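J.: We have chain A already, so just place chain B on it with the hints.
As you go down the protein sequences, you meet chains A and B in turn.
Using the working numbering, the first residue of the first sequence is number 533, and each one after it goes up by one.
Using the working numbering, the first residue of the second sequence is number 533, and each one after it goes up by one.
Treat the hints as calculated values from the structure; they're not laboratory data.
Mixed in with the good hints there might be a few duds.
Which copy? The list can't say, so a pair holds if one copy fits it or any two copies do.
Cut-off 30 Å, straight-line C-alpha distance, at most; resulting in silico cross-link-like pairs (DSS-like, lysine-lysine) [unchecked claim]:
hint	residue 1	residue 2
1	Lys877	Lys801
2	Lys801	Lys623
3	Lys623	Lys755
4	Lys569	Lys595
5	Lys877	Lys623
Bear in mind that the values here come from a model prediction, so they are computed numbers and not experimental data.
There are 2 protein chains.
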Amino acid sequence: MGTPKGDQNLLRRHNRGLVLNLLREGAPLSRTALARKTGLAPSVLTRLVRELLAEGIVTEVGKAESNGGRRSTLLALNPDYACAIGLKVEKTRVLAARINLAGEIRARHALPFPNPRPEGFLELAQSLVEELAQGEILGVGIGISGLVDAARGIELYSPILGWREVPLAGPLSEAIGLPVYLENDVNALTLAECWYGAGRAFRNFVCVTVGEGIGAGVVVDGKLYRGAAGGAGELGHTTLDPHGPLCRCGERGCLEVYASDRFLVGQAKALGHETIDGLAAAARAGDLAAQAVFAEMGRALGIGVKNLVNLLNPEAVVLGGERLDAADLFLPAFEEQVRRHSFPKEAEDLAIVPAELGEGGFLIGAATLAVREFFRLPAEGVTT
Amino acid sequence: MGTPKGDQNLLRRHNRGLVLNLLREGAPLSRTALARKTGLAPSVLTRLVRELLAEGIVTEVGKAESNGGRRSTLLALNPDYACAIGLKVEKTRVLAARINLAGEIRARHALPFPNPRPEGFLELAQSLVEELAQGEILGVGIGISGLVDAARGIELYSPILGWREVPLAGPLSEAIGLPVYLENDVNALTLAECWYGAGRAFRNFVCVTVGEGIGAGVVVDGKLYRGAAGGAGELGHTTLDPHGPLCRCGERGCLEVYASDRFLVGQAKALGHETIDGLAAAARAGDLAAQAVFAEMGRALGIGVKNLVNLLNPEAVVLGGERLDAADLFLPAFEEQVRRHSFPKEAEDLAIVPAELGEGGFLIGAATLAVREFFRLPAEGVTT
Chain A
533 MGTPKGDQNL LRRHNRGLVL NLLREGAPLS RTALARKTGL APSVLTRLVR ELLAEGIVTE
593 VGKAESNGGR RSTLLALNPD YACAIGLKVE KTRVLAARIN LAGEIRARHA LPFPNPRPEG
653 FLELAQSLVE ELAQGEILGV GIGISGLVDA ARGIELYSPI LGWREVPLAG PLSEAIGLPV
713 YLENDVNALT LAECWYGAGR AFRNFVCVTV GEGIGAGVVV DGKLYRGAAG GAGELGHTTL
773 DPHGPLCRCG ERGCLEVYAS DRFLVGQAKA LGHETIDGLA AAARAGDLAA QAVFAEMGRA
833 LGIGVKNLVN LLNPEAVVLG GERLDAADLF LPAFEEQVRR HSFPKEAEDL AIVPAELGEG
893 GFLIGAATLA VREFFRLPAE GVTT
Chain B
533 MGTPKGDQNL LRRHNRGLVL NLLREGAPLS RTALARKTGL APSVLTRLVR ELLAEGIVTE
593 VGKAESNGGR RSTLLALNPD YACAIGLKVE KTRVLAARIN LAGEIRARHA LPFPNPRPEG
653 FLELAQSLVE ELAQGEILGV GIGISGLVDA ARGIELYSPI LGWREVPLAG PLSEAIGLPV
713 YLENDVNALT LAECWYGAGR AFRNFVCVTV GEGIGAGVVV DGKLYRGAAG GAGELGHTTL
773 DPHGPLCRCG ERGCLEVYAS DRFLVGQAKA LGHETIDGLA AAARAGDLAA QAVFAEMGRA
833 LGIGVKNLVN LLNPEAVVLG GERLDAADLF LPAFEEQVRR HSFPKEAEDL AIVPAELGEG
893 GFLIGAATLA VREFFRLPAE GVTT
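So that you can see chain A by itself, here it is in the shape it has in the complex (with noise of 0.2 Å):
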């Protein structure tokens, strides 16, 4: 809301702020584009620009043909200027990368955690972060499943990982000093496809990730929306037939039971396959009844997603996580779902996209919750 005349400081930064942003966003500019996009005078933004260039965050990538044919230098970030590192915790091993500014992994690193506790987490954590830290490290993100303040950087409850009220980024921020941030994983994932991946031609999109469980992550005018609680996105959980069988939340009918890889689990039993994998070959060669388990899983997908598509009318979903790895099995059964809407338009227009940072997209994700804050503008509407 606006501050106090005189805090050029706070200006500065703000200004700074704009003009990273822009590159941050987008091709590279002239410092022109520069002044005009960010509406700040030519004399200010030279400055910056000056600023920015001895700092080494920004440099001179080549010329441009301007309009009256002078040709003008333009600008780019430089994606290695900084870095951040990404962790995620699973159920049997911690994950991590260095990402720098632009997404991309520069190095990764992972160490086995076996019936995860607590109290391991913060070893664990910090050596991952000493073998990956190399420059400028701008701080930590963590990546875990479950419900997340991620205000005080505390898991609240994660059914996977049987945790509690367990503060995480606090202890580790102490342990290493760097800031560190907490996000559930979809959210994570969610962010980085936002920032770095299939979402960034959407301001308003959900990414719908299939595996063991089934999650959403909800960005609103090119924000991630976490909801009251960070609670925002629970697709998994939402009730597809009230009568239906009951799931491991306790209650009846819910999209996992439907479409997570424990339905394709007991059906490839059922069918005398091992594995998903199994399942997935036989419906491949052609075996009928293989391809009838993934399209009733894409057909209940599609119902769970349409209903998000209903209540959110987004410009895409972005589908992400393990099991998109049978997308081309259960794809047609879900798209035929989702495109199912009482407003026929709305639904021809709907994109579906398939998430594209692959399974490194959870680490890329936990690394820019650290890289977001650099980028982050100091106030929302400063005045003078």
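T.: Same frame as chain A, but now just chain B:
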């Protein structure tokens, strides 16, 4: 994204907007409090307030004890400085109201509109506006069922009215010489509850309406969320049971099949009652079969809203619409379902509250479309 240095007019409008929004949202404030909250220099603030007092937008409403014992004058918005007119298009009539800046209805009017056709709307709307216009009118808002292109002021598709691609705002604006805004009726109601009703206490909430149809409006971070094409909130056509009976939209087992007035009317007739009111009277008199109908309706609505809560994790569900008159009969079953959640704490924290504005809410919301423009800041991030 900032504004050219020296654009003092824009900056003045921005600062003026900051002050007006603060006075709109809360209790009366002293000049000192306004300077602190806006971050404006006391001299700038004093000049601005002098202007606003002279124009009559702001009034002095009393004195407050300040720290040093000196009593400072409190300032408030003058709610009757200006008004806006809201219209609601229904199947047999068009309703209209004039509201002031505090969302209070100052006058109402209605005209019959049987077999509504787009061609007849302009003349009708013009008469209503002329009847109600008095004093400073900021503009006119129209609330209408179906999918609305708010930016272009076009009704895209209303199954209830049978209208497709009808430009409404442009022609009316031309005829009456005032700005005209268009929005889906449930979105308008949601805006009204957000600005003047039960939603004031929340940043993120959903407004659910029950009656002939079932709809929802979504508020994210204090703003109405419309989705990619204005189609967010289609709660009534989320699937409750993929094998259920056919809905009028052509799909099976939509929530509307189980929880709208059509369901109640059907059940009422089956039990020998003429109307929903008759069924409700029987239920209140102890008729177990009639009670079971409302419990079933509440349970279905609860499952639909539970799914919405899972996806959006709102702070509150604001319940509105005509059938709120039977809330005593369906609310227990409704609430029992909504509070079933894979993260129990989230469901506990959820507030379930009735809409506060009653049936006038749709009209207040339509008019608020115009009031909202009056309070809109000229730019998001103004820098000089």
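J.: Does each hint fit the structure? Answer for all of them.
T.: Hint by hint, here is what the structure shows:
| no. | hint | result |
| --- | --- | --- |
| 1 | Lys877 with Lys801 | neither (41 Å within a copy, 36 Å between copies) |
| 2 | Lys801 with Lys623 | within (23 Å within a copy, 55 Å between copies) |
| 3 | Lys623 with Lys755 | within (29 Å within a copy, 39 Å between copies) |
| 4 | Lys569 with Lys595 | within (19 Å within a copy, 45 Å between copies) |
| 5 | Lys877 with Lys623 | between (42 Å within a copy, 23 Å between copies) |
Hint check: a violation occurs at hint 1 only; the rest are consistent with the structure.
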